[in-house]
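**Student:** Chains as they are written, first to last, in my numbering: chain A, 1 to 265; chain B, 266 to 479; chain C, 480 to 799.
No lab work stands behind these hints, which were simulated from the structure alone.
Computed from a predicted model, the values in this text were never measured in an experiment.
Each residue gets a CB set at the ideal place from its N, CA and C atoms; glycine is no exception.
Just so you know, not all the hints are guaranteed correct.
Said to hold, decoys possible - Among chain C residues calculated to face chain B with C-beta under 10 Å, some are:
| id | residue |
| --- | --- |
| 1 | Tyr496 |
| 2 | Ala542 |
| 3 | Val545 |
| 4 | Lys551 |
| 5 | Pro573 |
| 6 | Asn624 |
What the hints assert, rightly or not - Ranges between beta-carbon positions, derived for each pair:
| id | chain 1 | residue 1 | chain 2 | residue 2 | range |
| --- | --- | --- | --- | --- | --- |
| 7 | C | Gly742 | A | Gly30 | 49 to 57 Å |
| 8 | A | Ser24 | C | Ser765 | 37 to 45 Å |
| 9 | A | Lys107 | C | Lys519 | 48 to 56 Å |
| 10 | A | Met131 | C | Glu488 | 44 to 52 Å |
| 11 | C | Glu784 | A | Thr12 | 19 to 27 Å |
| 12 | C | Glu553 | A | Asn54 | 50 to 58 Å |
| 13 | C | Thr783 | A | Asp108 | 36 to 44 Å |
| 14 | A | Glu128 | C | Glu488 | 55 to 63 Å |
| 15 | A | Gly141 | C | Glu553 | 37 to 45 Å |
| 16 | B | Glu368 | C | Gly742 | 45 to 53 Å |
| 17 | C | Ser765 | A | Tyr254 | 38 to 46 Å |
| 18 | A | Ser59 | C | Thr783 | 23 to 31 Å |
| 19 | A | Lys107 | C | Gln789 | 16 to 24 Å |
| 20 | A | Ser24 | C | Glu784 | 44 to 52 Å |
Said to hold, decoys possible - With a straight-line cut-off of 25 Å between C-alpha atoms, the simulated DSS-like cross-links for lysine-lysine are:
| id | chain 1 | residue 1 | chain 2 | residue 2 |
| --- | --- | --- | --- | --- |
| 21 | C | Lys509 | C | Lys600 |
| 22 | B | Lys441 | B | Lys411 |
| 23 | A | Lys107 | C | Lys772 |
| 24 | C | Lys600 | B | Lys310 |
| 25 | B | Lys338 | C | Lys547 |
| 26 | B | Lys310 | C | Lys672 |
| 27 | B | Lys310 | C | Lys612 |
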Amino acid sequence: MLLEVKDLTIPTFDQECVIINKVSFGVKEGSIHAVIGPNGSGKSTLAYTIMGLNNYKPSEGKIYFDGIDITDMSISERAKLGITLAWQEPARIDGLSIPKYISLGIKDKANSKDIIREALQIVNLEPERYMNRTIDESLSGGERKRVELAATIAMRPRLVILDEPDSGLDFIVIEDFLHIFGKIKGLNMTILLITHREDIGMVADYGTLIWRGDAILTDVFPKVMLRYCAKAGLKEFCKRKLFNGKQTCFDEDYIDKIFKEEQGL
Amino acid sequence: MKENTKYHDYRFVGKINVDEIQPWFDFATSKPWDDPEIPWVLDNKVRREILIILATGPKTFQQIYEKVNFSPKPLLITKEEYECQISYQWTKETIENHLMTLEWYNLIRLINKNYQLTIPVLSTELSEKLEEYIVKFTGNWINIIKQIKNQAQEKLKDLDEKTPLYEILIEKSIEKLYQLLKKEKLLPDIPNIKALWAEQLRISKFEDWVNKNY
Amino acid sequence: MSKTEYPEEILESLEDYNIDIRDFLPGHGKGAKLLLDFNKISGLEQVEGVILKGREIENGIVADIVIKQGTKIEDPVHLCFGANKETGVQEIFPRIIAEDNTEVTIQAHCSFPKANGLIHKMFGHFYIGKNCKFTYSETHYHGENSGALVAPVGYMYIGENSIFENNFNLTKGTPGKVKIMLDIYAMKNSVIKSNIRAFGKCKKDSIRIRDSVFLEGENARSVIKMKAAAKDGGEVLMYGITEGNAPRCNGHVECNEIVLGKGSICRACPFIRAIDPTSSVSHEASLGRFPQKWLDELQAKGLTEEEATQILIESMLQEE
Numbered sequence: 001m002l003l004e005v006k007d008l009t010i011p012t013f014d015q016e017c018v019i020i021n022k023v024s025f026g027v028k029e030g031s032i033h034a035v036i037g038p039n040g041s042g043k044s045t046l047a048y049t050i051m052g053l054n055n056y057k058p059s060e061g062k063i064y065f066d067g068i069d070i071t072d073m074s075i076s077e078r079a080k081l082g083i084t085l086a087w088q089e090p091a092r093i094d095g096l097s098i099p100k101y102i103s104l105g106i107k108d109k110a111n112s113k114d115i116i117r118e119a120l121q122i123v124n125l126e127p128e129r130y131m132n133r134t135i136d137e138s139l140s141g142g143e144r145k146r147v148e149l150a151a152t153i154a155m156r157p158r159l160v161i162l163d164e165p166d167s168g169l170d171f172i173v174i175e176d177f178l179h180i181f182g183k184i185k186g187l188n189m190t191i192l193l194i195t196h197r198e199d200i201g202m203v204a205d206y207g208t209l210i211w212r213g214d215a216i217l218t219d220v221f222p223k224v225m226l227r228y229c230a231k232a233g234l235k236e237f238c239k240r241k242l243f244n245g246k247q248t249c250f251d252e253d254y255i256d257k258i259f260k261e262e263q264g265l
Numbered sequence: 266m267k268e269n270t271k272y273h274d275y276r277f278v279g280k281i282n283v284d285e286i287q288p289w290f291d292f293a294t295s296k297p298w299d300d301p302e303i304p305w306v307l308d309n310k311v312r313r314e315i316l317i318i319l320a321t322g323p324k325t326f327q328q329i330y331e332k333v334n335f336s337p338k339p340l341l342i343t344k345e346e347y348e349c350q351i352s353y354q355w356t357k358e359t360i361e362n363h364l365m366t367l368e369w370y371n372l373i374r375l376i377n378k379n380y381q382l383t384i385p386v387l388s389t390e391l392s393e394k395l396e397e398y399i400v401k402f403t404g405n406w407i408n409i410i411k412q413i414k415n416q417a418q419e420k421l422k423d424l425d426e427k428t429p430l431y432e433i434l435i436e437k438s439i440e441k442l443y444q445l446l447k448k449e450k451l452l453p454d455i456p457n458i459k460a461l462w463a464e465q466l467r468i469s470k471f472e473d474w475v476n477k478n479y
Numbered sequence: 480m481s482k483t484e485y486p487e488e489i490l491e492s493l494e495d496y497n498i499d500i501r502d503f504l505p506g507h508g509k510g511a512k513l514l515l516d517f518n519k520i521s522g523l524e525q526v527e528g529v530i531l532k533g534r535e536i537e538n539g540i541v542a543d544i545v546i547k548q549g550t551k552i553e554d555p556v557h558l559c560f561g562a563n564k565e566t567g568v569q570e571i572f573p574r575i576i577a578e579d580n581t582e583v584t585i586q587a588h589c590s591f592p593k594a595n596g597l598i599h600k601m602f603g604h605f606y607i608g609k610n611c612k613f614t615y616s617e618t619h620y621h622g623e624n625s626g627a628l629v630a631p632v633g634y635m636y637i638g639e640n641s642i643f644e645n646n647f648n649l650t651k652g653t654p655g656k657v658k659i660m661l662d663i664y665a666m667k668n669s670v671i672k673s674n675i676r677a678f679g680k681c682k683k684d685s686i687r688i689r690d691s692v693f694l695e696g697e698n699a700r701s702v703i704k705m706k707a708a709a710k711d712g713g714e715v716l717m718y719g720i721t722e723g724n725a726p727r728c729n730g731h732v733e734c735n736e737i738v739l740g741k742g743s744i745c746r747a748c749p750f751i752r753a754i755d756p757t758s759s760v761s762h763e764a765s766l767g768r769f770p771q772k773w774l775d776e777l778q779a780k781g782l783t784e785e786e787a788t789q790i791l792i793e794s795m796l797q798e799e
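Working from the sequences, and respecting the hints, build out all of it.
**Tutor:** Structural data, given as structure tokens:
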């Protein structure tokens with residue numbers, strides 16, 4: 001496992017409540033691993049804690065990256081080990097140029113110009129049009145997210161945490177992003193994908209279902225998705241959306257069985 | 266003409282000077298926190314120009330409008346070398362707004378379609394004559410203080426040798442004098458004209474300097 | 480005009496601002512030039528449509544720059560008010576007149592690389608006519624010892640339908656004690672953009688700037704952007720004043736200041752006044768540290784907090 005989370009408990013900043021409760025799962029190197037769950041289940045909190053943000057400290061449990069205990073490491077120490085986070089809403093900073101921003105994480109500074117151009121091309125931004133721009137309000141939401149992905153790609157981390165990469169994007173752009181995730185995987189990067197959308201999660205190899213702070217299931221993604229739908233009581237939705245025609249992973253009887261289990265019948 | 270003591274802070278007609286601590290007190294200035302209201306009004310040069318225009322006597326709106334404009338000229342380049350054609354005229358709406366602001370803060374008033382200053386304006390000649398009286402007035406006070414200085418210092422040393430009580434005595438006495446003058450109604454109730462004259466002086470001094478230097 | 484010797488140390492600091500030194504050197508390139516070496520006029524070059532006249536006085540110079548009506552100049556006018564001395568007093572009285580229908584950019588540089596008690600005072604008047612496009616960019620360098628005392632005052636009048644952009648940069652070297660006052664009067668339909676950037680780097684640095692825009696004409700518009708950082712005991716005070724005195728005018732003041740290190744003080748006082756009932760003036764100010772999210776985002780790329788802060792300061796103080 002490249003990333004292992006063991007019995008992780010994350011309280012709120014004021015320590016009053018528990019957001020994530022004794023969660024354990026592992027992420028295989030080279031895979032796309034989705035963390036899925038409804039809004040408010042603690043997915044983003046989990047992502048920020050893995051990245052090591054200041055207000056997200058676990059009260060219990062450990063995080064291991066390639067066998068190294070990173071639980072008490074700072075953000076930049078984790079980044080240097082090869083972990084990075086692509087933000088749900090990346091910051092817009094006046095005066096910071098796109099090439100400069102993308103180059104921040106590049107280790108091979110001598111070839112940074114080529115690496116930047118390649119990264120922009122992977123995310124389908126024409127380098128000629130974007131090399132002279134800044135990451136400020138003049139970029140659309142989709143453009144800003146693409147630049148964020150480009151910066152991630154240029155960094156060549158071992159693990160990329162994508163925090164709700166689909167938020168604020170229309171369906172055409174989302175299709176494009178799904179291809180980009182495939183390209184990222186092709187560059188030997190492992191992806192931890194935080195999402196609440198099934199169509200985004202379908203690119204994942206594996207998944208973990210987080211439900212009200214608890215890790216319910218870690219398995220191949222279709223099984224995790226099925227369990228998610230079962231917990232939410234969305235059988236028809238499940239049959240219609242996910243397991244329809246060629247995308248069917250399970251037969252109808254199996255789906256019915258899982259739903260009955262969830263309802264305690 | 267620079268104002269450098271806090272003892273010249275007369276307020277305009279209608280404004281209350283606070284002697285005791287009230288809830289709206291500003292501890293840094295010993296005054297209400299909104300006391301610096303007038304200075305912001307004088308931030309704008311156009312309003313200062315209007316006050317200077319009215320210093321020569323009451324004016325109608327039209328007369329003020331016709332005067333609020335100017336055509337700048339270079340300092341060194343003569344007319345023969347090149348005659349600059351550039352001018353600025355303020356519109357009636359803007360001048361109305363400025364007059365309204367000055368009126369609101371009681372710097373001017375409108376009487377029978379004429380705007381006039383609410384503050385007295387002294388000519389330079391009268392101002393200099395007044396200065397003679399000021400010197401005599403304060404000279405008398407200084408003589409009194411000179412007479413009792415040694416005696417006062419002796420008595421104060423008995424109270425406390427280490428603290429500079431004499432300096433504190435003078436400082437506090439001047440403050441007390443101000444309060445007593447107010448109480449006895451010996452203090453005139455007129456506003457401060459220093460800001461107005463500072464602007465006029467700056468213009469005339471600068472022009473004098475320019476003429477003198479080349 | 481033939482080439483004149485000019486102390487190159489005074490111009491070296493232009494490189495820090497990515498400005499080509501050669502543009503300022505006498506005899507090089509096109510464009511009018513006025514170069515001062517302390518209180519001596521060291522270079523003066525005229526071009527068609529511009530009249531430059533200077534006169535040395537006891538402690539400085541008086542200068543006229545007139546751009547004749549209808550003149551549109553592509554090459555900037557270069558002004559350098561510098562001194563290669565440690566001490567002394569330099570007083571400058573420029574009067575710039577851009578007549579109607581002119582287009583010009585003035586690039587000014589004030590450089591005091593060895594300042595250690597040196598005083599620079601400027602009292603300038605800018606008169607911009609109607610239908611003009613006027614850009615005034617001023618960069619400053621006061622050496623590395625916080626030894627300068629710099630006090631420029633500017634009164635600027637912008638005529639109808641004109642566009643005026645003012646850029647002031649004091650981000651390289653150590654500023655020393657700086658007190659700047661700009662009063663800009665905007666007439667009908669004019670557009671004012673004022674950008675000020677400053678960086679106080681130690682306890683001996685104090686930067687106080689007062690930038691006022693008085694919207695005196697209908698539909699006049701302005702944006703004042705003041706950005707500063709104070710480090711290791713430095714002080715920055717920004718007064719941004721906008722007054723809406725005319726119908727349908729619109730003004731905005733924005734102050735962003737970053738405090739680094741103990742003892743540093745940043746203060747911002749946006750004063751906005753709406754006097755005409757159809758005017759609209761607004762302000763925003765943010766002081767203190769950079770948003771944590773920005774710092775986290777850059778640290779997630781492998782930067783330490785200090786490196787991330789440095790990148791953000793450079794970006795904030797970057798010219799637009």
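**Student:** With reference to the structure, classify each hint as holding or not holding.
**Tutor:** To see whether the hints hold, each was checked on the structure:
no., hint, result
1, Tyr496, "violated, 29 Å"
2, Ala542, "holds, 8 Å"
3, Val545, "holds, 6 Å"
4, Lys551, "violated, 17 Å"
5, Pro573, "holds, 9 Å"
6, Asn624, "violated, 31 Å"
7, Gly742/C - Gly30/A: 49 to 57 Å, "holds, 51 Å"
8, Ser24/A - Ser765/C: 37 to 45 Å, "holds, 41 Å"
9, Lys107/A - Lys519/C: 48 to 56 Å, "holds, 53 Å"
10, Met131/A - Glu488/C: 44 to 52 Å, "violated, 35 Å"
11, Glu784/C - Thr12/A: 19 to 27 Å, "holds, 24 Å"
12, Glu553/C - Asn54/A: 50 to 58 Å, "holds, 51 Å"
13, Thr783/C - Asp108/A: 36 to 44 Å, "violated, 20 Å"
14, Glu128/A - Glu488/C: 55 to 63 Å, "violated, 40 Å"
15, Gly141/A - Glu553/C: 37 to 45 Å, "holds, 39 Å"
16, Glu368/B - Gly742/C: 45 to 53 Å, "holds, 46 Å"
17, Ser765/C - Tyr254/A: 38 to 46 Å, "violated, 56 Å"
18, Ser59/A - Thr783/C: 23 to 31 Å, "holds, 26 Å"
19, Lys107/A - Gln789/C: 16 to 24 Å, "holds, 19 Å"
20, Ser24/A - Glu784/C: 44 to 52 Å, "violated, 31 Å"
21, Lys509/C - Lys600/C, "violated, 29 Å"
22, Lys441/B - Lys411/B, "holds, 19 Å"
23, Lys107/A - Lys772/C, "holds, 23 Å"
24, Lys600/C - Lys310/B, "holds, 21 Å"
25, Lys338/B - Lys547/C, "holds, 13 Å"
26, Lys310/B - Lys672/C, "holds, 20 Å"
27, Lys310/B - Lys612/C, "holds, 24 Å"
Hint compliance for this structure: hints 1, 4, 6, 10, 13, 14, 17, 20 and 21 are not met, and every other hint is.
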